[in-house]
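J.: Model the full assembly from the supplied sequences, consistent with the hints where possible.
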Amino acid sequence: MSIDKDTVAKIANLARIEVSESELESTVGELNNILDWVEQLGEVNTDGVEAMTSVVETQLPRRQDQVTDGGYRDQVLKNAPQSEHGFFAVPKVIE
Amino acid sequence: MSKLYPGATGDWEAVIGLEIHAQVISEAKLFSGAATAFGAEPNSQVSFVCSAQPGMLPVINEECVRQAVRTGLAMGCKINLRSIFDRKNYFYADLPQGYQISQYKDPIVGEGVVNIDLEDGQTKEIGVERLHLEQDAGKSMHDQHPTMTYVDLNRSGVALMEIVSKPDMRTPEEAAAYFKKIRSIVRYAGTCDGNMEQGSMRADVNVSVRRPGEEFGTRTETKNVNSIRYVTQVVESEIRRQIDLIEDGGTVDQETRLFEVATGTTRPMRSKEEAHDYRYFPDPDLLPLEFSQEFVDKLAEEMPELEDAKKERFIADLHITPYNAGVLTAEKENADYFETLLAAAVEKTGKPVSELGKLVSNWITSDLFGALKKLGKPINESPVSVPHAAELLGLQLEGTISGRIARDVFEIMLETGQGPEEIVEEKGLKQVSDTGEIEKMIDEILAANADKVEEYRGGKDKLFGFFVGQVMKATQGKANPQVVNQLLRPKLDG
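Here the protein sequences come in this chain order: H and P.
With this note's numbering applied, the first sequence covers 365 to 459.
With this note's numbering applied, the second sequence covers 0 to 493.
Treat the hints loosely; a few may be bogus.
[What the hints assert, rightly or not] Derived Cβ-Cβ restraints for the label pairs, each shown as a range:
(1) Thr-262/P <-> Gly-435/H: 41 to 47 Å
(2) Val-402/H <-> Ala-39/P: 44 to 50 Å
(3) Gly-435/H <-> His-144/P: 21 to 27 Å
(4) Asp-370/H <-> Leu-80/P: 40 to 46 Å
(5) Ala-373/H <-> Thr-122/P: 50 to 56 Å
(6) Tyr-89/P <-> Val-402/H: 54 to 60 Å
(7) Gly-248/P <-> Asp-411/H: 48 to 54 Å
(8) Asp-411/H <-> Glu-289/P: 21 to 27 Å
[Unchecked claim] Stretch-level coverage of chain H by chain P, calculated; a stretch enters the list once three of its residues show a Cβ under 8 Å from a Cβ in chain P:
(9) 421-435
(10) 447-453
For the record, the hints were derived by calculation from the structure and aren't laboratory data.
We put the CB at the ideal spot given by N, CA and C, even for glycine.
T.: Right under this line is the structure:
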């Protein structure tokens with residue numbers, strides 16, 4: 365599998381990462397190298413083998429339905445570039 | 000036979016599917032311990048997990064899992080003992096993670112079927128494709144500031160069930176009936192409050208048209224439709240728009256649209272740039288969700304009675320008309336009020352439910368609903384309490400007051416909130432069943448209307464009603480009509 369410049373530009377846009385025209389070419393090479401490297405795994409026959417989701421035998425941990433968190437608005441808003449009246453304030457996004 | 004829509008070039012058939020988002024009833028959010036209560040101060044119910052601070056990890060709320068399973072069971076669906084959480088990637092100001100944790104290929108609930116009731120009395124099966132658990136996003140407010148959007152993350156991370164139907168609906172009526180049915184199911188199951196004004200339930204409506212029997216046409220998806228009436232309007236306007244478009248030589252674009260309440264029509268969403276490229280992948284922060292069949296069986300055992308079963312029981316055991324049973328079970332609050340009142344009436348009168356069911360159901364569906372409609376109040380704000388209603392029906396059953404007087408007493412109860420026994424006592428409304436007293440009155444009336452008595456005896460049978468009326472008038476409606484009939488007939492016949 366290999367990807368071209370257009371695909372890289374599209375992925376960059378979807379990820380909201382700015383990649384300049386000059387960077388695109390080298391990024392195509394880098395990403396293709398990574399894909400080639402991962403592709404080696406395809407050499408192993410995995411027919412009928414369940415996908416492994418964890419290296420340790422463990423279950424998804426669960427919480428009880430109790431309110432144990434929240435209630436610290438000032439801390440939540442502290443790193444926001446802008447906040448007003450208890451809201452995050454962002455440039456207008458109107459649909 | 001499904002309904003067809005005539006166009007200039009022939010008949011068309013509509014194909015409709017709904018994706019319903021139902022907010023799970025739980026204290027805490029799906030993956031964090033922050034509260035879910037509606038209407039709190041902005042960002043006061045937000046944890047570092049819900050606001051996606053670096054390094055925070057999701058831990059699933061087990062009650063949300065149970066709620067999803069209960070809903071699946073209520074829709075007769077297959078429950079998947081193993082399901083997987085995926086990340087659905089997109090950017091929006093009210094989605095701090097940059098992705099929504101959802102379920103893609105392996106949802107918690109699989110296929111099922113629900114029955115919908117149509118206006119002509121028919122029922123139709125609508126397939127459910129799946130139900131999956133996912134996080135809700137925060138709320139954006141665009142109208143509070145000229146150049147800013149305000150974001151409140153209180154809703155961010157609250158558990159949602161997305162219930163996806165099969166494309167089995169063919170008319171606006173069917174789409175509305177299905178939405179209503181799912182709302183009833185989640186409300187009876189206690190898994191979602193179904194409150195559409197607060198956004199607890201909303202639907203994405205998929206509509207396409209085709210020539211009857213042909214392949215599906217291209218569909219449009221209208222997002223976030225939050226009332227049953229709006230669903231009807233969206234479907235109606237989309238069917239019309241698509242037929243007109245195709246017949247004028249155009250093609251339907253697969254696109255996302257928005258419903259405009261003011262016009263009752265839809266318009267395309269503005270931002271279409273690379274829309275649906277969500278790049279789903281399994282969330283590496285969450286192991287697969289696994290539980291045992293015993294876990295499911297236990298939840299199944301504890302399930303409350305749902306609308307369909309309740310309706311059948313009302314008809315079979317309580318001898319209520321199918322129409323009334325349908326009216327009473329359509330909303331859970333009505334069914335609850337009915338059952339509470341019936342139990343109270345049984346206690347008050349000592350009569351069995353099979354005997355009282357009909358009276359109680361008639362009283363609720365005509366008298367009480369009529370009054371509530373005039374007041375514009377829902378049943379849980381009824382000015383007449385269950386004990387007072389039971390008292391009123393008891394008085395009527397015992398023969399203390401007649402049905403006519405009961406209606407007057409009910410009016411007074413609505414106005415004053417007084418108890419019926421108190422009203423009857425105060426106003427002296429007790430039915431007169433004392434034969435001596437009634438007899439005396441009859442004699443007086445016959446004497447005062449000697450001419451009419453002659454006419455009656457001469458063959459004018461219809462005058463009997465006149466004499467009954469006179470007696471009732473003389474007693475201000477308090478005479479027991481049966482006693483009056485019994486006494487009047489022999490006296491008139493001489």
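J.: Failing hints, ascending?
T.: Hint check: 6 fails alone, others pass.
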